[in-house]
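J.: All residue numbers for the sequence shown refer to our numbering, where the first residue is 1 and numbers rise by one.
Simulated from the structure, these hints should not be mistaken for laboratory data. Don't take every hint at face value.
[What the hints assert, rightly or not] Simulated pairs of lysine to any residue, SDA-like, Cα-Cα distance not exceeding 20 Å:
no., residue 1, residue 2
1, K116, S98
2, K262, V284
3, K31, E66
4, K262, D25
5, K8, R179
6, K283, D252
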Amino acid sequence: MDPRTSWKGVFPAVTTQFRDDFSVDLDATKKVVEALIADGVSGLVMCGTVGENCSLSQPEKFSLLEMAVGTVGGRLPVISGLAEYTSVLGSTYAREASRIGVDGLMVMPAMVYPAKPRETLDHFATIARASDTPIMIYNNPPSYRTDVTPAMLAALSEIDTIVAFKDSSGDTRRIVDVRNMTGDRFIPFCGLDDVVLESVALGCVGWVSGMSNVFPREGETLFRLIRDRRFDEAMPLYDWFMPILHLDARSDLVQAIKYCEKLIGRGSELTRPPRLALDAAEKVELEAVMKQAEATRPALPEVGLPLAA
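Using the sequences and the hints, build the whole thing.
T.: Structural data, given as structure tokens:
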């Protein structure tokens, strides 16, 4: 299938691994990518919020994309976050990411100030003109203070390369609103972990997930159960997962996800300043959540394993 139209399933927002001097550790990040592929995720988002996009230089981002594209080898889609401060920088990034061979761009509003709707629309349109790589619009108004409303998405429907949207507003009614306005024009993705059941039940065909970095098989299994309307099996797994999924909605979600990765042996907790390590009380809180999760980790229903198929 053409990856432009077949994005579906769980796409972890991959963490960027750092050395002790805060330089990017490509080898360690490659191990994270390889482990996620082995656990059967459906796609990868590199250099998203969880990948600390805005704390990386463009050359660092491009080195991460080259590593990911080379490691994946076409087995599943690789999407790059795009969170540049100006439309010119965003366009430059889009062209280079396209040259590297990513399957898509997850484009955030310009990360400078809460823009007017027409400014945000112009930013998206400018970046869309810079390459022919498919684009997923990323809406996260709680974090970035710029809201891409259903009406704004509808206004972008004539731009062929904008193919998907990821909503992290937490307002699942928007999934229905976009569908009512645009039909099946856009591929809908859930972008907030702790509303994934509601989002997929309402029509999302994919999930850009933070905490599926920590429990990727559980994430992909949960997604498939909901997709297949196996709610009697999905609900116990969702109940078990929810204390972990809530961590994705925190302002310090990057530190929380990476600390949980460390606890389970999937990565390092190190984040690049200005993101600082969690304090002692916060670590104790997460340790308790993870201890409970591991102690009660459920047997997973059959959903067509191996998941990587």
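J.: With reference to the structure, classify each hint as holding or not holding.
T.: Here is how each hint holds up against the structure:
no., hint, in the structure
1, K116 x S98, "28 Å, violated"
2, K262 x V284, "14 Å, holds"
3, K31 x E66, "14 Å, holds"
4, K262 x D25, "15 Å, holds"
5, K8 x R179, "17 Å, holds"
6, K283 x D252, "12 Å, holds"
In summary, the structure is inconsistent with hint 1 from the numbered list given earlier, while agreeing with all the others.
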